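Chemist: We have chain L; now place chain X onto it with these hints.
Number of protein chains: 2
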Amino acid sequence: MTPKYGIFELALPGPKEGNPFLEVDLTARFSGDGREFKVSGFYDGEGVYKVRFSPEAEGEWRYVTACNVPELDGISGSFACGAAEEGSHGPVQVAERFHFAHADGTRFIPVGTTAYAWTSQDDETCEMTIDTLSKAPFNKIRMSPFPKHYLYNHNEPPCYPFEGGLRPGMTAEAAVEQAGADFASSVSPAYEFDFDRPNPAFWRRFEGYLERLGKIGIQADLILFHPYDRWGFSQMGRERSLNYLRYVVARLGAYSNIWWSMANEYDLFFTWTEEDWEACAAQVVKWDAANHLRSIHNCLKFYDHSRPWITHCSIQRIAYHSHAELTAQWREQYGKPVAVDEICYEGDIDCGWGNITAEEMVKRFWDVMTRGGYCTHGETYLRDDDLLWWAKGGELTGESPARIAFLRQIMEEAPGFVDPKEPPEWDVSWGYAGERFEEEGNIAFRGRGQVPYAQWMLCYFSFARPSFRIFNLPQGRKYRIDVIDTWNMTVTPVEGLHSGRTRVELPARPYMAVRFVAE
Amino acid sequence: MTPKYGIFELALPGPKEGNPFLEVDLTARFSGDGREFKVSGFYDGEGVYKVRFSPEAEGEWRYVTACNVPELDGISGSFACGAAEEGSHGPVQVAERFHFAHADGTRFIPVGTTAYAWTSQDDETCEMTIDTLSKAPFNKIRMSPFPKHYLYNHNEPPCYPFEGGLRPGMTAEAAVEQAGADFASSVSPAYEFDFDRPNPAFWRRFEGYLERLGKIGIQADLILFHPYDRWGFSQMGRERSLNYLRYVVARLGAYSNIWWSMANEYDLFFTWTEEDWEACAAQVVKWDAANHLRSIHNCLKFYDHSRPWITHCSIQRIAYHSHAELTAQWREQYGKPVAVDEICYEGDIDCGWGNITAEEMVKRFWDVMTRGGYCTHGETYLRDDDLLWWAKGGELTGESPARIAFLRQIMEEAPGFVDPKEPPEWDVSWGYAGERFEEEGNIAFRGRGQVPYAQWMLCYFSFARPSFRIFNLPQGRKYRIDVIDTWNMTVTPVEGLHSGRTRVELPARPYMAVRFVAE
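The listed protein sequences derive, respectively, from chains L and X.
The numbering of the first sequence is the numbering used here, which starts it at 10 and goes up by one.
The numbering of the second sequence is the numbering used here, which starts it at 10 and goes up by one.
I should point out that these hints are in silico values taken from the structure, not numbers from a laboratory.
There may be inaccurate statements among the hints.
You can't tell identical chains apart in this list, so a pair holds if it fits in one copy or across any two.
To be verified - Using 25 Å as the maximum straight-line C-alpha spacing, the simulated DMTMM-like pairs for lysine to aspartate or glutamate come out as follows:
no.: 1; residue 1: K310; residue 2: E334
no.: 2; residue 1: K310; residue 2: E341
no.: 3; residue 1: K310; residue 2: E434
no.: 4; residue 1: K310; residue 2: E431
no.: 5; residue 1: K310; residue 2: D436
no.: 6; residue 1: K59; residue 2: E32
All figures in this text were calculated on a predicted structure; none of them were measured in a lab.
So that you can see chain L by itself, here it is in the shape it has in the complex (with noise of 0.2 Å):
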């Protein structure tokens, strides 16, 4: 029996001959607690088509396939959805606007990482990376199923999403070199893919990854194009672009645990038009059963993030010096929910992306954060053996992910989802969770005016040090206070329960929180 959120999966046995991934146009129409979903199917080789469906109801599905071949056209059949597995909860949706939820309602907070190009690696780094993420505090990585040709990142992926490869002679060395190992790319001539045949066996892996992801609790957002790129798969043009997004979400649309990212840096694609990325959007959309998230990411420039497919803002800070601050105002903008996924990594390297202090990279989470959003992780140091997480996978050395953990925990442990106090203060994040008291008063440190207080309310000093505050709790309520270093973990009761205007010690140092839960 099929779990609800698993996969279910139809092996048609059809021809082999000509090119079964052009020629052959199959698809299933699936019905089901009443609703009705038509996927693509997809061919895996060897004369082998498939078609796969995730149901999100118990009870009896039937489903009906339609080809342009004869012995692949009308085969139906049905089969019994049962209860989700322990631990699945369905592909993650938005939840109260600006929000994750998984389909069955469960609450998703998502603590994001980056590890571009972990699945091209060899299979032994890509095992140290499962197991590093099994240990880690994430359930979002950004990947793509694309090798990444950049800066650190010049090795050749063990395998390759289409047929094809080095051409005869050719050495990867030579290809790196005629791609440029700047930042500079350029497709190779070293290489020659035939964009119209995926190659399954390619596939099969990735999935393989894909499902020890949602083992470990992980989204993969999939970023579906990339710039870096000296294969030429950013420069298929639009018609196999097309082709390849249909395989693509036929393929693995039925698992969970994805997300969809049209692009990593969008805007980096110079040969590409708005009218291309509306094109890929729409097929994914049209292929999508599922219809799990989908978002855009930009370099220099935002994508129109209210389209209408966009589910989320997917951003990467454009300004060096101004961004995790400017969450609260991008939700409004967008009224979506906003990921903030590229804000620099903690590490070393000498590009001004790759070289934050944990201290940093945890203070923009906290952040974004405190101010209603999601932030992703990433980590560069530079190594001996070039294995930056950030593209390759691999180990976690930084130590930022531990206060990651931390943060994440006290985010789980509000009573809802966490917004920004309206209106912000100027020097201090709030953030708000749980039900919301009108009360008289404010508790801005010593300011007018009347804003609403919280069950749940976090404020977050990021740089600043202050040796105390003065909160003005409401008349009517009363607090529990924990000083929170978010640096170094702890969490420490101040005694008693509070209202009115109250003066919290604090340490003097940087990164400090303050949180306040009423009884």
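Modeler: Relative to the frame of chain L, chain X by itself:
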């Protein structure tokens, strides 16, 4: 003989009766060096009228008075102006559009601090302040003649700028309570002042301190009005404010070490209009023969710094998270020198403007100065004796002044004024000084395009902490390179002379800089 940039003072007996401040309109014309200046005289009490003038050229100067009182009218004479005293370079003026120099051409690099009301403290504290300043790295101080009513500032000054004081039977404590001890201050009815009668004893004391500052090489950036006031000096009305300004300019304008700041936080004067400010500025311009520097400082909204009377931008950062890095942009916008005169203070008080770390304070100095601006320090450590440097002076206990001294030395060693590299680099700031070299290339890390190089180039990494960086030096020049630890105050030369692509090893700590000096 009056030295150049010194003060020639004419003291004349005149009427005591009535209100000499209001009723006697005394001016004088000074001519010498082929030029003529008109200044205002002022009443110094006890029937004595004074006229002051600071000659900026050696030789004979002649004067003649004009007055509505016959005994003070038409008095003429002359005096000889000799060489400037050792270390006396004349008033500071704008130089090379974005910078400052003394009248004799000596480069002046402002390195400011803040002690708004230090002269409103008792004599002992004032002595302590002078002593502290004599050992500190600062050559400019933001200060007001007026006392201050604000957090950590509730004491009564030892004397008042106008005749009057507490009404009989009233106490300072009662006045503080009436005015409100927090942010929200209002004028207390506990006082009665005659705003038509400046208090000469007050101003003599104040001048004494200006002179002492001059002797230790410090420019007094005089804040003529500020809103933190329980005495009523910010609310005298336009006419009395203009009279006060004429009096102050007449008394103090001959001191070569003063700058005029029309206001601290002009936009918190809720009853003042822009017309009021313009009228006040015009009054200063009218009576200031020395044409001292003029600015006006904001709280939440910049004044229009493009107004012709404004010589330089005196900026309080508006956004809490984004400021120092805007320096080059502000220069561009206003075409004037940029003094970032409030950018939070090293300290640990409860307010966000007063609890940054010393590291952050020093970082902001470097962020501003490597972008061609100037920065102002302040210190706000909580103390049992309430003696917070930023307002009352006293002693400095913070860790930033030593580092600011180090920075000052580095900037003074530059072969000229420091301007930002154009175009800027996204992740680091670059200050350029000395000769520009139009060589092919771009120093920017792995960047493209062409920008000039300079004889002296200073790259600042701020919070980033790379373990190395590659610089593309011009092929046709040889540079000495120093790695500078701005926090630990070390300068470590890189061995050899360097051209072309050059990799510089760095210690993977924040707050590093690299200096390049062409042979």
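Chemist: All the hints need checking, so say for each whether the structure fits it.
Modeler: Consistency of the hints with the structure:
1. Taking identical chains as interchangeable, the C-alpha atoms of K310 and E334 lie at most 25 Å apart whether they share a chain (18 Å) or sit on different chains (20 Å).
2. In the homo-oligomer, the alpha carbons of K310 and E341 lie at most 25 Å apart both inside one protomer (18 Å) and across protomers (23 Å), since each shortest distance falls under that limit.
3. Proximity of K310 and E434 under a CA criterion of 25 Å is satisfied inter-copy only: 17 Å between copies versus 28 Å inside one chain copy.
4. Taking identical chains as interchangeable, the C-alpha atoms of K310 and E431 lie at most 25 Å apart only when they sit on different chains, with a minimum of 21 Å there against 27 Å within one chain.
5. Taking the shortest alpha-carbon separations for K310 and D436, only the inter-copy value of 17 Å comes in at or below 25 Å, while the best intra-copy value is 28 Å.
6. Taking the shortest alpha-carbon separations for K59 and E32, only the intra-copy value of 15 Å comes in at or below 25 Å, while the best inter-copy value is 102 Å.
The structure meets every hint from the earlier list without exception.
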